[in-house]
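Could you fit the two chains together into a complex? Lean on the hints.
Chains A and C supply the protein sequences, listed in that same order. In this text, residue positions in the first sequence follow the numbering used here: the first is 1, and each later residue adds one. In this text, residue positions in the second sequence follow the numbering used here: the first is 1, and each later residue adds one.
Keep in mind the hints are simulated off the structure, nothing from the lab. Think of the CB as a built atom: it goes at the ideal place given N, C-alpha and C, for glycine as much as any other residue. One thing to keep in mind: the hints can contain errors.
Unchecked claim - Straight-line C-alpha distance at most 20 Å; calculated SDA-like pairs for lysine to any residue:
| # | chain 1 | residue 1 | chain 2 | residue 2 |
| --- | --- | --- | --- | --- |
| 1 | C | LYS64 | C | GLY15 |
| 2 | A | LYS45 | C | SER100 |
| 3 | A | LYS45 | C | GLU46 |
| 4 | A | LYS45 | A | ASP82 |
Said to hold, decoys possible - Simulated restraints on C-beta separations:
| # | chain 1 | residue 1 | chain 2 | residue 2 | range |
| --- | --- | --- | --- | --- | --- |
| 5 | A | LYS39 | C | VAL2 | 35 to 41 Å |
| 6 | C | GLY26 | A | THR20 | 34 to 40 Å |
| 7 | C | VAL5 | A | LYS103 | 40 to 46 Å |
| 8 | C | GLN13 | A | SER65 | 45 to 51 Å |
| 9 | A | SER56 | C | THR116 | 31 to 37 Å |
Now for the letters of each chain:
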Amino acid sequence: DIQMTQSPSSLSASVGDRVTITCRASQSISTYLNWYQQKPGKAPKLLIYAASSLQSGVPSRFSGSGSGTDFTLTISSLQPEDFATYYCQETNSTPWAFGQGTKVEIK
Amino acid sequence: EVQLVESGGGLIQPGGSLRLSCAASGFIVSSNCMSWVRQAPGEGLEWVSVIYSGGTTYYADSVKGRFTISRDHSKNTLYLQMNSLRAEDTAVYYCARGVSASYYGMDVWGQGTTVTVSS
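One chain only, chain C, in its complex shape (with noise of 0.2 Å):
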């Protein structure tokens, strides 16, 4: 079965630094694009970083510079490295996976891990 299960979220105080995780199942991470969205409570959802299959890495301009996408081909694991938190990056954290021949069009997501930064 294709899934993708996320970790790493909690409550962090401004400044801090967080870990994020996306284990994947049924399919290789390295060999597909790979995004971050998250979404602040009530409201919509806000595209943060991708990966693309060749190692390529894009970033929102919210987030550039604070935050590191990455991928662990051993561990089939997608990573949000989250350093210099603000309390304006409190979200639920979801990986997903883009589908080069749908137009990225991202298909397979994960439950989503909650990011709260408060002091």
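With the rest of the complex left out, here is chain A (with noise of 0.2 Å):
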């Protein structure tokens, strides 16, 4: 089965900042990779598919990358509705895999 580490497990940031969250996998993966952000009491949102393309509605400070076992999630700059937990998501073979998170928290 495939692991999926993300780091960093938390971080603080202020509005404004660059956040860059890394992902990888235990072993290649090509592109089947998906980012999700996920608020308290929240069901969790598709932000980016295929590692680099982006849902349709989701603000193009989101942006991903990587391909084979290392993947990123960029947030060009931070706004106040983006802090919320993010995780990765493997879909290359079941049984499928998350991170274990990333909480994005107001520095």
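Encoded structure:
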């Protein structure tokens, strides 16, 4: 089974900061990598699919990159509504796996 | 409007059974890849099961042999039959649609239904 490891587990940042979250797969997953945002008490929201494709309706300050085993989610200029927990997920092979999450907090 | 609405959660004793439902509107369940994802209290997301449009199903090791995913085309509804429930199955359960053209990124989610396994 594939394991997904995110780093950091949490970070503190200010509005306007550039934020980068990394996700590493235990084996190559090509670009079968998705990113989600989750706010407390809410269902996750798809941000990025296929490693770098922006989901419809998601602000362009979110971007994704990577292939194989190493991936990044970047928020170019953090906004107040972006404080949340972010998860990566691989869909290369079942059982699909999520990363453990990265909580983005206000500095 | 494209929407998923889960139901069926509740308090159940260890060893018991429960069936979760996920009613869809705005799209056809049987024409899509559908998954269940759960989240234990204070924990991260855990993928549980998937059923592809062709009917093939897969499960997480933690639920294999105890949970069954299915769908009813006439009711446009996804199900998760959960048997032999354990305390560690306590979680909010979400159903979600995965889009094959989007590498199965899950673009539509339900609001979640809470399952509590406790005596």
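Tell me, in ascending order, the numbers of any earlier hints that this structure violates.
Hints 5, 7 contradicted; others consistent.
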